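As a plain string of letters, each chain reads:
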Amino acid sequence: MIKSVRITAAHTFWIKVTLHLVALSLLLFTYYQAFSDQLGADPVKAILHFSGIGAFNLLLLSLLISPLAKYLRQGQLVTLRRPIGLYAFVYAICHFSSYLLFELQLEWSLLLSEILKRPYISVGFIALLILSILAATSTKPIQRRMGRTWQKTHNWVYVASLLVALHYIWSVKSELIQPIIYALVLLALLVARRTKFLKPIQSRFNKRTKTQQSKKKLA
Amino acid sequence: TPLEFSQPQVYHSEDLLTPEQKIISHNNFYEFGSGKSDPLAQSQSFKVDPWSLKIDGLVEKSLTLDYDDLYKSFELQERIYRLRCVEAWSMVVPWIGFSLAALIKKAKPLSSAKYVVFETLYDPDQMPGQKNRFTGGGIDYPYVEGLRIDEAMHPLALMSVGLYGKTLPPQNGAPIRLVVPWKYGFKSIKSVVRIRLTDKKPQTTWEKLAASEYGFYANVNPQVDHPRWTQASERRITSGGLFTRNRIETQMFNGYPEAASMYADMDLRKFY
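Chains as they are written, first to last, in my numbering: chain A, 1 to 219; chain B, 1 to 272.
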């Protein structure tokens with residue numbers, strides 16, 4: 001029988017090293033292929049798909065960490081959340097800049113009108129803005145300075161991830177299976193946090209019933 | 001297999017050709033999977049000989065072409081056409097084929113014929129996309145396309161049996177496909193087994209799937225956007241990687257103004 005293994009800082013250090021190696025080398029290698037026209041007939045579409053799906057994968061992985069740490073009772077795992085989340089942001093930035101640079105080829109007016117006119121691009125862009133704020137406030141000193149608002153701010157990751165799922169579903173022509181699988185995985189990860197989402201609602205509800213009860217008593 | 005064909009000057013083009021490797025590896029052919037590279041990967045064992053292409057419906061003389069007839073019944077020509085996909089990318093393809101009008105004339109159409117309906121082969125054993133809705137992009141097979149009779153009789157409408165001097169590879173619609181260069185690519189139905197003349201407007205595959213996005217006419221029109229993206233410009237697929245400056249303006253009727261007269265009295269925003 002395996003005795004319960006404790007994940008230590010040394011373990012997460014090596015997990016982080018692997019994460020950097022895999023996420024960075026995959027990104028660099030795929031861009032190299034695209035620049036040298038080795039990524040299929042339409043390297044622009046290929047790179048957009050790669051960076052978009054990559055960002056979504058990393059985002060889901062970052063959302064997996066807390067429930068996993070709780071389930072396995074391995075608190076140390078939580079330190080992986082920040083680098084994975086930051087890589088999700090890096091991939092998302094690559095996705096957006098590839099769209100601007102290679103798909104629209106720096107037609108700024110077209111970029112603006114597409115963001116405003118096309119719902120699937122609007123929600124994707126909003127998700128990117130949210131991720132940018134989260135990335136910008138991700139360092140330890142900022143986290144300390146923000147105090148309790150930091151957690152509130154970073155809860156927006158749930159909104160961002162739902163927008164990303166919507167962005168993916170709305171972007172396809174008819175082949176909905178894969179985007180729907182992604183959305184279901186996301187929903188499962190959100191359901192795993194149901195107590196977190198339900199708590200504020202419950203406490204508000206409790207407060208209300210309490211005040212109603214006390215009002216009744218007064219009457 | 002190499003083909004013999006003439007190269008009429010009128011169908012030559014100044015446009016830079018899309019490399020053959022790209023034309024045969026970047027395909028929308030959901031019968032072989034919905035990814036762009038799926039058709040190449042999944043179609044290589046597709047059997048095209050024997051083949052049977054039937055022309056029937058409102059004609060005096062229905063006829064059936066077998067595999068050899070496809071190459072021998074009509075004079076083959078090379079025609080360089082721009083292909084504009086509804087997804088806003090485009091290619092320049094040296095097709096080889098014969099005029100659709102010649103084929104229809106041979107069957108002697110009745111004056112009551114108003115529309116022409118095309119159908120792709122239905123063979124789930126050979127076409128994995130037809131086997132289940134998950135790999136086939138949710139399409140109700142067989143794939144059906146249609147043209148108005150005057151569109152079908154237009155000299156630009158081509159039945160293609162080859163490209164770059166050789167017979168069509170399976171992923172490009174072997175052994176015979178339609179090419180309608182002034183319309184979005186999805187109108188140019190692949191691996192055709194039946195052409196039926198009728199008096200009723202058919203419901204086409206993509207119209208059935210999403211009528212607000214893909215209309216029956218599907219003429220290339222930079223002024224009518226797809227609901228989810230602009231059609232004012234396109235990316236021309238040539239050689240070169242990410243930095244190729246290939247975004248160009250889309251032309252009305254894909255740069256084939258000779259098609260315009262057929263739609264003179266029509267509101268092309270309504271009949272998109």
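Among the hints, erroneous ones may be present.
Covered, in the sense of this in silico footprint (three residues per stretch, anywhere, with C-beta under 8 Å from a C-beta of chain A), are these stretches of chain B [to be verified]:
#1 6-13
#2 120-126
#3 137-144
#4 157-168
DEER-style ranges, computed between Cβ atoms [unchecked claim]:
#5 B:TYR11 x A:GLU107: 40 to 46 Å
#6 A:GLN38 x B:PRO2: 25 to 31 Å
#7 A:ARG193 x B:LEU268: 48 to 54 Å
#8 B:LEU268 x A:LYS199: 44 to 50 Å
#9 B:TYR11 x A:TRP156: 46 to 52 Å
No wet-lab data here; the hints were simulated from the structure. These numbers were taken from a predicted model, which means no experiment stands behind them. Glycine included, every Cβ here is placed at the ideal spot set by N, Cα and C.
Starting from the hint list further up, note which numbers the structure goes against and sort them upward.
Going through the list in order, the structure violates hints 1, 2, 4, 5, 8 and 9 and respects the others.
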